[in-house]
Amino acid sequence: MLALLEWVLAPLRYPFMVRGLLAAVMVGVVCATVGSYMVLRGMAFLGDALAHAILPGVALGYLVSGGARDPVFWWAMGTGVLTALGIGAVGRGAQVKEDTAIGIIFSGMFALGIAIISTMRSYAVDLAHFLFGNVLGVSRGDLWLTAAFGGLVLLTVFALYKEFLVLSFDPVLAATLRIPAEFLRYLLLVLIALTIVVSLQTVGVALMVAMLITPAATAYLLTQRLATMMLLAAGLGALSGIAGLYLSYYVSVASGAAIVLVATAIFLLTLFVAPGRGLISSWIHLNR
Amino acid sequence: MSHRRSALRHASIVAHREEVPLLNASEVTVAYNGALALNDISFKVENGERIAVVGPNGAGKSTLFKVIDGVLSPTSGKVQVAGHAPGGHICIAYLPQRSEVDWRFPVTVADVVMMGRYGQLGFFARPGREDRDRVRQALAMVGMDALARRQIAALSGGQQQRMFIARALAQEAELILMDEPLAGLDMPAQEQIMAILDQLREQRVTVMVATHDLNSAAEHFDRLMLLKARMIGIGRPWEVLTSEHLSEAYGGHLRLVETEEGLFVLQDTCCGGGH
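Sequence order for the protein chains is A and B.
Per the numbering used here, the very first residue in the first sequence carries number 1; after that it's consecutive.
Per the numbering used here, the very first residue in the second sequence carries number 1; after that it's consecutive.
Just so you know, nobody snuck in bad clues.
What follows is a list of derived Cβ distance ranges for each label pair: (1) B:Phe123 with A:Trp74: 26 to 34 Å; (2) B:Phe123 with A:Met1: 50 to 58 Å; (3) B:Gly143 with A:Gly78: 50 to 58 Å.
Covered stretches of chain A, as calculated for chain B (at least 3 residues, CB under 8 Å): (4) 160-173; (5) 218-224.
Honestly, the hints are just simulated from the structure, not real lab data.
Glycine included, every Cβ here is placed at the ideal spot set by N, Cα and C.
Hey, can you work out the whole structure from these sequences and the hints?
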């Protein structure tokens, strides 16, 4: 018992671990809540694209500010919101399908980001930090920014719960009830962008989509109402963050990867054993 | 209708004028990419009527419903609901085709019916006791009270349809538009829906149903509207379902048979295909 307690407490002696855990929990909660809508509305690809498209903004911010933290955050925020708004216009009256257009533009922006970073060897910038995050490098100021913007995102999702619900479930009813569908669609994209920006340092660009959709997808398998799905997803996101960091501490694997691996393992386990929607239960149902 | 609460209500409430028809469409034309989905359609619907909208695929039935509930603006002509343009009426309810719905969405029957209350609630407001009472009454009326907490994927086709009717009731709709509500339902389920439509008639709720089933349309509805982009006929079933009208709408693959129980429409399958 004492050994277990020691096992749990040992990492907490390091302030950077405490900050990392706090960041991972906040990011897990915010990502999973917003991600619930992404899972239900089929926006996984869009979220992935949005995360990658923020990279040139981050890189430029780094270049301009000479590596100072706060300016990079605001550059990422600006790029994220602009890209989110730009996404709404992509594909309307275009010559190619919407997902093709998004694929082209966002991989192009991602390449631009990598190109900019590759010119900055003098700053000793590690590309891996942008791609995979560096949760143990989270500062006190980063935590406040995460808390402030994460809180703003959660508050918006909570306040507009029924509007987003009806818009996602039945757009025609939403139109009949005069719910401003276009405004809410853009707002959701901006919320996703904000979520990505505050999560950037924890999991990085490449693994972002997993934080957004994996806990939400797990919760989708286990619940029958949107509100419970969001709560469970938030809990699973936080749990993945904590378990992932301990895994990272004791097994020495990259923290972002460890968090995502835990979330993925929980999903796979649920996929097989979930009551009602899991594979085993479907199989029993079929053979009854 | 009780109108209360937030000034931030999504839909402005439109005062109804009693002396005008509930629905008045005049010379409505809708063009999609140059083709006419609806061509110069005019008709009136009185309060409490039950009307079937029939016609071949692509005849403009769904387009007509979209124009009536204000989701789509006509290219020319106008629609008036209780004397006002369709925008702003939360008294119109559109019931989606079952195939258009994501049945695995994490909502219960009661959640879906509660969505009918959202127009009354407005931004930020949460459903209160009155809203929950309305939902309960609506579910009771369609015989679904026992299923209120069920996830919607666990419903049969007839139950899914009745849930959406309950949502229209919770919305306090005075005009309900149903898109193929009987498609794919077995006979007992169809009869349940028709029984609910009878109850709606008693409450003076106006119902318009788009359907492929000419026989049930002729049997159960006050008036029929036969569309093929333009209005081929509107009136009592026997006035509309003439051989002439049917061949105009369906191109000669339907035949009319008069029996002792009334009119029957037969599909001419032996030589209809492929030409």
